[in-house]
Every structure is written in structure tokens, then in C-alpha cells.
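Chains as they are written, first to last, in my numbering: chain X, -9 to 74; chain P, 1095 to 1325.
Rather than coming from a laboratory, the hints here were simulated on the basis of the structure.
Don't take every hint at face value.
[Stated by the list, open to error] Derived CB-CB ranges, DEER-like:
| # | chain 1 | residue 1 | chain 2 | residue 2 | range |
| --- | --- | --- | --- | --- | --- |
| 1 | X | Lys30 | P | Met1113 | 31 to 41 Å |
| 2 | X | Glu49 | P | Thr1116 | 48 to 58 Å |
| 3 | X | Val26 | P | Gly1104 | 43 to 53 Å |
| 4 | P | Ile1207 | X | Asn67 | 20 to 30 Å |
| 5 | P | Arg1227 | X | Glu35 | 41 to 51 Å |
| 6 | X | Ile11 | P | Phe1206 | 13 to 23 Å |
| 7 | P | Ile1125 | X | Met55 | 29 to 39 Å |
| 8 | X | Ala51 | P | Ala1167 | 38 to 48 Å |
[What the hints assert, rightly or not] According to the in silico footprint, chain X covers these stretches of chain P (three or more CB under 8 Å from chain X):
| # | segment |
| --- | --- |
| 9 | 1149 to 1157 |
| 10 | 1191 to 1201 |
None of the values given here were measured: they were computed from a predicted structure.
Note that beta-carbon positions come from the ideal geometry of N, C-alpha and C, so glycine has one too.
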Amino acid sequence: MKARVHVSLKNGVLDPQGKAIGNALHSLGFADVGEVRQGKLIELELTGALAAKPKAEIEAAVKDMAQKLLANMVIENFSVELVG
Amino acid sequence: MKAAIVTFPGSNRERDMRMALTKVNNGKPPIDVWHGDSDLPAGLDLIVLPGGFSYGDYLRCGAVAANSPIMRAVKARADAGVRVLAVCNGFQIACEAGLLPGALMTNASLQFICRDVNLRIETTQSEFTKKYRKGQTIRVPVAHHDGNYTLDTDSVKRLEDEDRIAFRYADALGNVAATTNLNGSVANIAGIYNAKKTVLGLMPHPENATDPVCGGTDGLGLFESIAESLS
């Protein structure tokens, strides 16, 4: 069982790195690219008792991890995806 | 004044901080505490979170350090009113730990900025800055890649209303403008206090401006203020 946590900047939070990526794409000739936002993907392998639990409980546990560490709720949102 | 400096793996300004604190504390050096310790010495007046790149800035600057064993003790002491000075990476750690509001993002220029900057003293109603004059400009170094202070508009207003903005990036005459905004920080903010004004976080390095040999002593006022307040 794996969990994928997608972390992205909240709307309204400026993303200088996304902007730089957008500029680089434009300079490569990809003119039809609008705003670019950079996030991160954190993949967790779940083992032991947690992996054997119902999906809702696993998802709740991963959300707890995201809120406590993986995302900074001041500036970031996250979503959880369970795989396998 | 009984002070402690917390060193994390990747801290790199703890010795500079020790020199500054020793200088204003009658030659008495602060106590060194390690990130893996679970408790702090008894009777502390001040805890310092120094600059550096704790845990290699992995995940987010300060995020891993904020969850290290010693930070539970730091948070408990801070809640009990022990003063905390959080500089640069320490500021990032303090925000991640919830000791201060907001977050430090990548500089708007995407560049690491290492140079002297002018800071305007926004308030002297504080144990940390009472030896300065309100509106005074001081010149101290910065060295960071993620100093872009971010906070929602309502919370910035609250900081202003509650006199909790400590320093702003300014020019040499103390003018604060978009052109003097070093790194994209909201409202040119370089340093802030918590609600009780017992925790100060700032990106610049006053500890590196406490000896003429290093190019200036404008940061000394901060340490003299702390020493006078807590001794």
C-alpha cells in the first residue's frame, strides 16, 4: 500500500519558482503556457498495522501526517491518493 | 541572564551567536543545547534558535527541525514565558513550530542574498529593541535563500495594530518602499514578535554586527536590550 501526498501552494500565494519555470518554457518557444505553479509529490510506503486498516482510516492517518509535517498549512494545500 | 543556544545538524551561526551573547553578559557564555536533547536547563531566561541550514533545509526550511525532540521543550518554555530569539533559519523553525505566525518562502528573486541591509526599527516597546530609537535605521547582514515572509492580509493588519512588527527592510534613511524590499516579504517585514512579545523572529543577523572587526556594531543594541531586560 502506498500513499501519494500532493502538496501545492494555496491560491493567492505567489510562486516565484513557478514563475521562473513559466519564463523558461516561454523562452523555449512554448508560448501557450499561462501561469505555472510548482508543487511537490511525496510518496509514502505504508507498512504494518496501518496498511491493513480500512481505506478511510489510512486516509485519515495520512492526512494527519500531511497536516503535522508534509505540508505547511499557512501557505500550502494537499491532497491524498491511496495506491495499490 | 541565563541563555541557551540550540544547535541543530546544519546550524552554522551558533558560535557567532555565542560571541554576541557572551559580550553583553559579563563574559558569561550561553549554554549549548543539542537538537536531540529532550529537555532544557532549568531557570533559563532566553533560548536562541540560531541561523544555518538545519537538516539540509529538506522538505521546507525549518520543517524538520521544528519537529525535533528539543523543540517540544522549547515550545513548552516559550508558552511559560521564556524569551526566544529566532534568527534566520531559527525564524523559519519558529514559524514552522507555530511559535510565530506566517511562513518564509523562497526569495522573490530566487537568489541567495548575502549582503548588508538597512533595517528600520519599527518599535522599541520591546525587551529586544528598547535600546534603539523608534524609526532608527541599523545596518546588519543577511544571508538567506528563503526569507520571503508570507502572511495573509488580515494577519498582517493584526501585527501592525498590535505593534508586533519588529523590523522592516528600508533604505539608509529609513524609507520603506517596494525598492527596499529585499526578498519579497509582505509589507517589507524583516522581523516580528509573537502576541506576548516574548518571541522575536527575524531573517537578518544582528549577531554578525556586534564587533567593529566585522564591519559594524549596529546589532549590538539588540543584545544589550536583551541583557538589560533579562538580567
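13 to 23 Å as the expected CB spacing between phenylalanine 1206(P) and isoleucine 11(X), which holds or is violated
holds (19 Å)
Take the segment 1149 to 1157 of chain P, compare each residue's beta carbon with every beta carbon of chain X, and decide whether three or more fall closer than 8 Å.
holds (count 3)
Outcome, coverage of the segment 1191 to 1201 of chain P by chain X - at least 3 residues whose beta-carbon is closer than 8 Å to one in that chain
holds (count 6)
Range first: 43 to 53 Å. Now tell me if the beta carbons of valine 26(X) and glycine 1104(P) are that far apart.
For valine 26(X) and glycine 1104(P) the Cβ distance comes to about 30 Å; the hint is violated.
I want to verify a distance hint. Is the separation of the beta carbons of isoleucine 1125(P) and methionine 55(X) within 29 to 39 Å?
holds (34 Å)
Within 20 to 30 Å: is that where the Cβ-Cβ distance between isoleucine 1207(P) and asparagine 67(X) falls?
About 28 Å separates the Cβ atoms of isoleucine 1207(P) and asparagine 67(X), which means 20 to 30 Å holds.
Looking only at beta-carbon atoms, does the pair alanine 51(X), alanine 1167(P) fall within the given range of 38 to 48 Å?
violated (26 Å)
Outcome for the supplied range 48 to 58 Å, where the beta carbon pair is glutamate 49(X) and threonine 1116(P):
holds (51 Å)
Taking 31 to 41 Å as the stated bounds, is the beta-carbon spacing between lysine 30(X) and methionine 1113(P) within them?
holds (38 Å)
Does 41 to 51 Å hold as the CB distance between arginine 1227(P) and glutamate 35(X), or does it fail?
Given range 41 to 51 Å: violated, Cβ gap about 57 Å.
This entry does not satisfy hints 3, 5, 8, going by the numbered hints stated previously.
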